[in-house]
Structure formats: C-alpha cells, structure tokens
Amino acid sequence: MLKVRVAKKRAEFTLDAQFEAPTPGVVALFGRSGCGKTTAINIISGLLAADEARVELDGQVLADTTAGISVPPEQRRIGYVFQDGRLFPHMSVLRNLRYGLKRTRAPQQTIGLDQIVALLGLESLLQRQPYQLSGGERQRVSLGRALLSQPGMLLLDEPLAALDTARREEVLPYLERLRDNLSIPMVYVSHQFDEVLQLATHVVLMDAGRVVAQGSLTEVSLVPQLRAIVGPDSVGAVLDGAVTNVDASCGMAELQVGSGSLNVSVSGVSVGERVRVQLLARDIILGIEEPRGLSVRNQLRGLVTDVVEDEEDARLVTVDVGGVNVLSRVTRGAVEKLGLRVGLSVWVLVKAVSTRGHAFRVAAR
Amino acid sequence: MLPCPGIFAGAYRVYFDPAGRLTAQRAKVRPPSTKGYVRDAAMHLTPDELDALRLSLNVAARSVLFSLPFAVLIAWLLTRGRFAGRWLLDAFVHLPLVLPPVALGYVLLLLFGNHGPIGGWLHDRLGIQLAFTTAGAALATAVMAFPLMVRSIRLALENVDPGLEAAARTLGAKPIDRFLTITLPLMLPGIIAGAVTAFAAGLGEFGAVITFASNIPGITRTIPLALYTAIQSPGGDDQALRLAVMSFVLGLIGLLLAEVLARRARHLVGR
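Protein chains in written order, with the working numbering: chain F, 1 to 365; chain G, 1001 to 1271.
Just the calculated beta-carbon pair ranges, DEER-fashion:
hint, chain 1, residue 1, chain 2, residue 2, range
1, F, Asp233, G, Glu1259, 54 to 64 Å
2, G, Arg1082, F, Gly112, 35 to 45 Å
3, G, Lys1174, F, Leu113, 16 to 26 Å
4, F, Tyr131, G, Ile1176, 22 to 32 Å
5, G, Pro1069, F, Gly112, 38 to 48 Å
6, G, Ile1176, F, Asp64, 24 to 34 Å
7, G, Pro1175, F, Arg105, 17 to 27 Å
8, F, Gln132, G, Ile1176, 24 to 34 Å
9, G, Ile1176, F, Arg210, 38 to 48 Å
10, G, Phe1066, F, Arg210, 51 to 61 Å
Over 12 Å on every C-beta distance to chain F, these chain G residues come out as not near it, computed from the model:
hint, residue
11, Leu1050
12, Phe1070
13, Leu1078
14, Gly1085
15, Asp1090
16, Ala1103
17, Trp1121
18, Ala1135
19, Ser1214
20, Pro1224
21, Asp1237
22, Asp1238
23, Gly1251
24, Leu1252
The hints are simulated quantities; they were obtained by calculation from the structure and are not laboratory data.
Virtual Cβ for every residue (Gly too), placed ideally from N, Cα, C.
All chains, full assembly: derive it from the sequences and hints.
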C-alpha cells in the first residue's frame, strides 16, 4: 500500500492532496497541467520540501513532517523519471545506466543491467552519448537508469510529454512491459488520458491542487468532474474484462464484463487475457423498447441509476448493465421524450467499433 | 590529437628512379618535435631573458595551481550558496579588478610581510617567507588573477542544470559524490578557460608583484619586470622591444590555448 499526504502553499495555488493506492501497480496522478501533480511527486521524492508531508510505502515511513521524519532523497530509494530525461551529458548511455546501480549495496541488487538492457531494448545504444539519442531513446535510457538504482518505487513525471505521437507509441509498450514484468509500484503523472487508460491500475484525479476522485479507472471514469479535464468527447465508462471468445476473421472479441458480455472490435488478443475498453458516452444509444434490425452488435439491458446535467442541452445518463455502469450522453429533448429517470429499464446500444481507439491489455493478476 | 600533415608528408619521399618511374620510398625522417622548436627559440634568448621567461611561467603556473581550488569554492558559494553577505563576498572577490595593483601589493606586504599578522606567523612557525620571494610573486599574481578565474568558473557553474544534480540525488549520490561526478565535470570547460586565462594574465602581472615581491633578478624579475628594468636603463630599447614581443607572443598563445582547451572540454561534456 502506498499512502501519501502532501500539502504546500505556493503563490499561484495551494497543494493539499491525500491518496492511497494498492502496490504494486501503476497509480496515475491525472489532471490538467499546473494542478500540482509534479509538485506532489517532487515532495514524494524528497526533492521538494513541503509544509506537510507523509509518505508511507508498504509500511515504511519515508517522510512524516509531524513526526520529524524525512529520509533524504538519496536514501529514499525512489526512482524518478523526469519529463526531460535528464541524462548526464558527459557520460555514455552505459555509464548513465550504471550511475545508480553503482550506488546501491549488493544485497539490494535484484534488477540486473542485462535484464534492463533486454527489457528496454538498449543493446545498440550502450556506447552512445546522450546527444546522439532520439527523444524516445533518451526516455528509455532514463527509465533504465532509474530502475537500476533498485528503487522501491518509481515516479514518472509525464515521461512522454516531450515526445511526438510516433515516439510516444514507441515508448508506451516498454512502460507496459515494466508494469507487467517488474513488481515495482509506480506513480505516473500525466495529463493525457490515453496514457492513463493504457497504463494505470489506479487513478488519482486532481484539480487545482486537490484530489477530486480516486479509485480504479472504472470508478474514476464515471466521476462527473472528469469531463472538465478530458473534455466532453472523451467522457465514457472504462471497463476491464476478460476475453471469452475471439473471432480473428472479423477482428472481434467477446469480453466478460460484469454479468454480461460485450463484443468489441479488437485484434491481437487471446482468450483469457484481460483487456480494457472505454465506451465513449457520446456513442452510446439508449432505447426504451427492444430495438430490432440494427447493425449494432451490443444490445444490453440496464437500469438508469443517474441522470445529470452535462451541458445546457445535454444530459449524462448512468446505466447499470449487469453490475457495471456505462455512461451515455443524450440531449435534453431525448430525456424528456423517453422519460428517462432513475429506475427506468432501458436498452443500451453499443457499437463494437465505438470503443475508444483500441482496447488495451491489462496485466493479468 | 590534432592531425599534423607535415609529419606524414615528411615520412615519404617521392622521386623518379633511373627507369623514369615515379617511386615513393619511405624515408627515415624524424618528425619535428615541438620540443625542438622551443629549444630553437630559446637559443635566441639571452640568459637574462630566459630567466625572466622561466620565472614568468613558474610564477603564473604556481599562482593558478594555488588559487584554482579556492576559485572553485568561491564560485560555488557565489552561485549556489544561500547566506547573508553573499554580495559582500562577491564585491570582495572582484576588488582586484578595480584596485590599483600597487595598492594591493602594499596590502599584501602589510599582511604577508615577515612582520605582518599572517606573514609573521608563517615565518615564525613554518619558516615560510613570502615577501621578496618567487612564492610571494605567485601569491600576488594569484590574487590579481583571482577574479578572472572566479568569473569564468562561476559562469560555467551557472550553466550546470541543477536538475541533473537532482537526478543524481534520486539515484543515490550524496553531496560530495554529486559534486565530483556531475557538477565538476560539467564545469570543466569553464574551469579550464578560467585557469588558462588566469595563467596568461599572470604572465604579465606587474604592479602587485613589484610591490610585494620586489624586482630581484632570477627570483622575482618576471618578463614585465625585466621589461620595466630595460626601459629604465639607458640603451635598453632593443632589450625592451624583445621582451615586449615575448609578452605579446606568450599572451596570444595563452588565449588561443584557452579557446582550444575549452572547445575540447565542451565536446567532452557532450555539448
């Protein structure tokens, strides 16, 4: 378990955040730029002094201002991957990787150089100097360097923010591999919901220095405050489900979600794997009678559990479908015409291709 | 190393053999060494000039070696230190730039003379005399060139990204470790440039040296002091001109060397 409480007054805003997350796993600190995410992890790392700080990792207290405890950063064993990589410019990639490794005691060395080099695909880069690396390569080396310092936890400060889309796609799979292969807790700061969707096992939603919501991605995806941060078109329930059936010829898979099943358009998955999909609220259609003769692949029975105002002329309807919630955005007119209210039984129509981007693999635990 | 085409060109001799064929033959030509050039040039100098040259080099080198660690320390304090009176230290360090060198030499004489508070202690306890010695000339030179060195090192330190030191910190490096493995290597271009500039400036220090260490042939008579002596003596015009040219050449070499070394160091730190 990771327990964090941080508070710091600054001229422009006040950070006052508290969260808990299961370990190991990837905790995403998600929020707009400037909401205090980076300040929070700088306090966790010990690099920044706080007005109030308490950091507890798996029972070990790393900082507690009320008890006067503050382990210096160099002894916290917390790896930090900076947005700009911060590779040492006067050292080769190999020497950068070894920097942290050399400063650990032998009994702590459970992550080996060869293992990291293989995991992050760094073989061909070892003799290069940092200025000879691309942005993506630089971040992979930075990741490796942090991991080789044998950290008890890894902090990642928007490690992909400085990269273009192609480079991000190049680094993301490596981050997934780390999450799935090493049992190191990670705190991942991001303002990109895509990254959170792909990597996070737990989400802490932040706004203006405060924690607005926290929990699993499925839970946080239903929180109304998310809309203001990701924008109305990215709102939608996130569901994790096990693959029960694969139709490779059509690129379709059937997921077990709650007590029902969902057909989604996804390729490259196999039965038993857990995948994550987001059902965008704008693409979900509601009906009060059983529809017939439609191309839509998913027709699910559900109960309306909530109707809230989304925009002036739109409403966000939460529907419980066999134990999981999905969100649908409909017009105010539709709500009135269909008489949508809490407790009403409805049909939920989900196009198989309306899942966001592609489905993401989630580590089988 | 810098390529030297002359060496390779000299190693082969091209000629026509009796059959009229163009032939290249490896010739036993010793590559000319720089040491040889220096010896040749030195042969054209009079013993007095040689003494002055040797003294100037000696004094400048000693002054740089002596003041370099202090310059790094002061530069660090001025850039990273958080203490009251930092501006005062800053002003104090820069004093030699604005003070008449003779005034500074006089202050040194008061402090480091055999009856001064520091000089007296050194003389009585450790048997070290600074006034009127080569070491004293080096001290006076060091004090004069100190601001130049500090400025250059400070500039280099200001360009070291504190984020890199923070990164080293998260990787388990303690303060001295961080300084030696990250900060110092990244400052190296500035340190080298500062040292060489101070060395070049030290070759020509006059006022502070003549006041504190006097003008003793073979002991404290460096090139500028010898030049002054030549100007003062009747018929010393030729001598003065030769010494002036020497100063000019030395200074130029020093500045060029500073540039070359700084470039190399910059490459070394990957910029």
